[in-house]
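Q: Sequence:
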Amino acid sequence: TGIQQALEAGRTIHNFTAKAAAKSDSLPKNPKYLIVSSPFLRCLQTAQGVVESLGKENIFEERIFIDNSVCEKLASNVYTSNPLKRLYFNTKDISSKVDFPI
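Be aware that the sequence shown starts at 1, since it is given in this note's numbering, and climbs by one per residue.
I should point out that these hints are in silico values taken from the structure, not numbers from a laboratory. Think of the CB as a built atom: it goes at the ideal place given N, C-alpha and C, for glycine as much as any other residue. Any given hint could turn out to be false.
Said to hold, decoys possible - Capping the alpha-carbon separation at 20 angstroms, the derived lysine to aspartate or glutamate pairs in EDC-like fashion look like this:
#, residue 1, residue 2
1, Lys32, Asp67
2, Lys32, Glu61
3, Lys29, Glu61
4, Lys19, Glu8
5, Lys29, Glu62
6, Lys29, Asp67
7, Lys32, Glu52
8, Lys32, Glu8
9, Lys23, Asp67
10, Lys32, Glu57
11, Lys56, Glu8
Stated by the list, open to error - Have a look at the derived ranges for each label pair, beta carbon to beta carbon:
#, residue 1, residue 2, range
12, Arg11, Val36, 17 to 27 angstroms
13, Gly2, Asp25, 32 to 42 angstroms
14, Ser24, Phe60, 11 to 21 angstroms
15, Leu34, Ile3, 18 to 28 angstroms
Go ahead and model the full structure; you've got the sequences and the hints to work with.
A: And the structure:
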């Protein structure tokens with residue numbers, strides 16, 4: 001499923017960075033991951049799965065950053081309410097500096 005794939009993506013990112021850090025004296029052993037997503041709900045759900053796999057404490061500012069420049073803005077005529085409120089993780093829009101507290 002998509003959820004399993006997102007969790008696996010997080011594990012893959014963690015394993016890749018851990019191996020790279022083990023081979024290097026200049027890379028941090030416990031990096032903070034910057035997670036940037038499109039505002040589309042499915043993209044945010046994938047980002048949330050990656051975050052869950054990496055551990056919220058390992059995420060920069062413990063947020064998913066939303067970059068509206070990678071897609072169209074969420075169409076207000078399509079959603080009756082902010083669909084981001086269904087997510088369990090804080091998001092922060094880096095292109096317009098608008099917070100979406102969840």
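Q: What hints, given by number in increasing order, does this structure fail?
A: Of the numbered hints, 6, 9 do not hold.
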